[in-house]
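Student: Below, each chain spelled out in residue letters.
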Amino acid sequence: MRQSPVRRAAWLLPLSATLALVCALAAFGATTRSSAAPTLVVDNSFTIKTSDPQRAFDPSASIIDRAIYDTLFTYNKDDLANPVPLLVQSWKATNGAKRFTFQLKTNVHFANGAPLTSADVVFSLNRLINIKGNPAFLLAGIKVSAHGKYTVVMTSKTPATQLTAILANPSTGIVNSKLVKAHGGTAAANASTADTAEQFLNTPASIGAGSGPYTLKAYSTTSQISLAPNAKYWGTKKPGFGTVVVRNMIAPTQLINVQRGSHEIAIDLSADQAQTLNGNAKVHVSLQPSTWVFWLFTNNDPTVSAITSNKQFQTAVRYALDYKSILSVAGPGAIQAPGMIPSMFLGSLPQKDAIKQNVTKAKAALAASGVASQPVTLEYPSDLTINGVPFTTMAQKVQANLQSVGFNVQLSGSPTSNWLTKYRNGQMAFGLSLWGPDYPDPADYLAFTPGQLVGLRAGWPKGSDAAIEKLAAKALVTTAPAARKSIYQQIQLQLNERGPFFPLMQPTQVFVATSDLKNAVYNAEYDVDVTQVSPK
Amino acid sequence: MSELALPRRAPRFHWLKASRRQPLAVIGATIALTWIVIAVFAPLIAPYGSLAQTFTPAQSPSLHHLFGTDELGRDVLSRVIYGSRVSIPIALLLVALASSIGCVVGAIAGYFRGLVDGALMRAVDLFFAFPPIILAMVVAAVLGRGLQNAALAIVVVAWPSYARVVRGLVLSVGDSEFVQSARLMGTPARRALFRDVLPNVAGPVIVLATLDLANAILLLSGLSFLGLGAQPPQAEWGSMVADGTQYFQWWWMGTFPGLAIFTVVLAFNFLGDSLRDVLDPRTAWRSSEEQA
Numbered sequence: 001m002r003q004s005p006v007r008r009a010a011w012l013l014p015l016s017a018t019l020a021l022v023c024a025l026a027a028f029g030a031t032t033r034s035s036a037a038p039t040l041v042v043d044n045s046f047t048i049k050t051s052d053p054q055r056a057f058d059p060s061a062s063i064i065d066r067a068i069y070d071t072l073f074t075y076n077k078d079d080l081a082n083p084v085p086l087l088v089q090s091w092k093a094t095n096g097a098k099r100f101t102f103q104l105k106t107n108v109h110f111a112n113g114a115p116l117t118s119a120d121v122v123f124s125l126n127r128l129i130n131i132k133g134n135p136a137f138l139l140a141g142i143k144v145s146a147h148g149k150y151t152v153v154m155t156s157k158t159p160a161t162q163l164t165a166i167l168a169n170p171s172t173g174i175v176n177s178k179l180v181k182a183h184g185g186t187a188a189a190n191a192s193t194a195d196t197a198e199q200f201l202n203t204p205a206s207i208g209a210g211s212g213p214y215t216l217k218a219y220s221t222t223s224q225i226s227l228a229p230n231a232k233y234w235g236t237k238k239p240g241f242g243t244v245v246v247r248n249m250i251a252p253t254q255l256i257n258v259q260r261g262s263h264e265i266a267i268d269l270s271a272d273q274a275q276t277l278n279g280n281a282k283v284h285v286s287l288q289p290s291t292w293v294f295w296l297f298t299n300n301d302p303t304v305s306a307i308t309s310n311k312q313f314q315t316a317v318r319y320a321l322d323y324k325s326i327l328s329v330a331g332p333g334a335i336q337a338p339g340m341i342p343s344m345f346l347g348s349l350p351q352k353d354a355i356k357q358n359v360t361k362a363k364a365a366l367a368a369s370g371v372a373s374q375p376v377t378l379e380y381p382s383d384l385t386i387n388g389v390p391f392t393t394m395a396q397k398v399q400a401n402l403q404s405v406g407f408n409v410q411l412s413g414s415p416t417s418n419w420l421t422k423y424r425n426g427q428m429a430f431g432l433s434l435w436g437p438d439y440p441d442p443a444d445y446l447a448f449t450p451g452q453l454v455g456l457r458a459g460w461p462k463g464s465d466a467a468i469e470k471l472a473a474k475a476l477v478t479t480a481p482a483a484r485k486s487i488y489q490q491i492q493l494q495l496n497e498r499g500p501f502f503p504l505m506q507p508t509q510v511f512v513a514t515s516d517l518k519n520a521v522y523n524a525e526y527d528v529d530v531t532q533v534s535p536k
Numbered sequence: 537m538s539e540l541a542l543p544r545r546a547p548r549f550h551w552l553k554a555s556r557r558q559p560l561a562v563i564g565a566t567i568a569l570t571w572i573v574i575a576v577f578a579p580l581i582a583p584y585g586s587l588a589q590t591f592t593p594a595q596s597p598s599l600h601h602l603f604g605t606d607e608l609g610r611d612v613l614s615r616v617i618y619g620s621r622v623s624i625p626i627a628l629l630l631v632a633l634a635s636s637i638g639c640v641v642g643a644i645a646g647y648f649r650g651l652v653d654g655a656l657m658r659a660v661d662l663f664f665a666f667p668p669i670i671l672a673m674v675v676a677a678v679l680g681r682g683l684q685n686a687a688l689a690i691v692v693v694a695w696p697s698y699a700r701v702v703r704g705l706v707l708s709v710g711d712s713e714f715v716q717s718a719r720l721m722g723t724p725a726r727r728a729l730f731r732d733v734l735p736n737v738a739g740p741v742i743v744l745a746t747l748d749l750a751n752a753i754l755l756l757s758g759l760s761f762l763g764l765g766a767q768p769p770q771a772e773w774g775s776m777v778a779d780g781t782q783y784f785q786w787w788w789m790g791t792f793p794g795l796a797i798f799t800v801v802l803a804f805n806f807l808g809d810s811l812r813d814v815l816d817p818r819t820a821w822r823s824s825e826e827q828a
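For the record, the sequence lines run as chains A and B. Heads up, the first sequence is in this note's numbering, so the first residue is 1 and it goes up one at a time. Heads up, the second sequence is in this note's numbering, so the first residue is 537 and it goes up one at a time.
Check each hint, because a few of them may be wrong.
Short, incomplete list of chain A residues facing chain B, as computed with Cβ under 7 Å [stated by the list, open to error]:
(1) T276
(2) G279
(3) A281
(4) T393
(5) L411
Rather than coming from a laboratory, the hints here were simulated on the basis of the structure. Cβ coordinates follow ideal geometry from the N, Cα and C atoms, glycine included.
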């Protein structure tokens, strides 16, 4: 029995209709997708222990916390010389820069709609001080009080000319005091033991804790951290992206990703890797001196190591290093660090003052130390790459330098978190480390003087070097730029002469962004301020 | 009384004839022997020292540096050659150690049976419950980074498979007449185990050990790749591949040590497969049939 042509064609009708419907839905879906806010991807070699702003003090945390928590001041793009008000409407400094009065903006509210007032500022900054975490030193000696709902007063015993720069640091991000208190937060004097809000702040449940343009969506310190737009953001410039993803990627993978991605930023490429992008119109590459400084330290505490605390040993290390060959591991653009203060900051040393290798002097000092060929272990974070320079490579270069002069150096790499714990506890005898500025002011580098944060980590307590400590005290109260420059340079020259620190180099800062991004520039304080980046 | 015992030896094989029938064995043995010779004579063969940072960094392969130079100006060829001195001897040692431990445990379990067998095999099951690389990583991480600890981790991972295989073989051999005879004659257990039982299970153990050489090299390289094995600046293939991943733009840094791992693992796999064919009576019989 044969079917008529009409009957045969009849079954095609519903099929055609279904196909048409599917095509229409697909087209609609495509339209919907293209009109949605895009995703910004930031590839970064992670160094993050927490996103709790008052505890966090690592580069990756700065990217995240800048987006979630507003600070009193911030920076416009990459202009670090001039902090600009963010939460502050107006401010004034009186009593020789010892008293600061800040008038807060009255229209600011957190992501849950609660208004941001002076009580939140006082709570956040006192929490920072009393948790006594790594960033607590930022506000050392500062007293914070509220004078009315939107007025905050800060006083200091010594002039605090760097205060506005400090208040742009993400660790001074303002949290919602009511919400954080409700989740175990406290700003009381015993906050270091009583505050239990860290875990809450590391979860997406903390959505109302900040007033920034983004909120925490997903959090992992090993893979990636995602941010979602703050639907109730108070500012005039709304978040530019539907999602911001900060991913933990090694530099070579960053290089591949940024070439094939869209709305993507790579932070940790080396100068050598950046050269492979020459002529690629899809990406914009910028090279600038990095504010990071790689340095070695020898623990000055004899109970930690009788070898590294030996002054002759320290002198031998200082003159044994072949600083020029060390630069080769960073590729073009890297410069020797003449002192701990990077070249672009007030008080940095000129290149002519940089230590030069002197093998004769090094050998003589090593012989005088009596250490002979006793083994000493150089510890470094084996999984960390900064500006495309892996610590593992750097450590091997340093080892080869020292061995060629007669040292017996063993290498010991460990995960960054393990390395940081030992380093911060002051139990590391010989370490390869780095320092990035907490705020763009030379006062930040007083941490390397005896009794201060880094000094203590290198077994250099207060009273270890009266001359350097006297200069450091003078630096704190000097406000004239020329005088400050001179003092900071003297401090570094003396550190280079007899301190337990050995500045090695400033690598090249490479910043690569796809060409479809606006305002994607490197910012030494935040690495990248994702709140200012938007799609073109 | 010994005339009562049945023949203890496994059947003899004509190695040369068997090799002709097994071209993969010849290829595997040639590559493996080449690598062993390279490892033994590394200081004479390598053009430069493995640690000498004396050349321009990141040079691509050339006549002066056949495998190029790495990020610190070290000759990659020399480091690959010296790397064989780490991977191959350690793998041989590890497999010898793991097979010894596994054979003893398996033989005791199979010979004594009962409660001893149950207890030992449950312990073996515990080790089998974890994927080998994960177990090796856990052991290496607990003991701390370094080649010695990584080697120990591999032994921990490797011995249970020998124990299980040997136990099975001993169970079957234990039922054979010559072992029963030895028992009846009052031969001490230790003597019976080592003189009568173990020699008769040597064939499969040798096959397993040869295949395990490849696994040991892979595991050792894997642990070093993850930073748990050899530490810088030691030239070790796995850690060299890991260094190479930091510098994808300099492809030669990771490719050549990777090829070294590939060739040596392939060689031991060829060798192991062929040995199995030769020593296994079932496959040997099949081969003879095919030849006929």
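Student: Of the numbered hints stated previously, which ones are contradicted by the structure, given in increasing order?
Tutor: Those not satisfied are hints 2 and 3.
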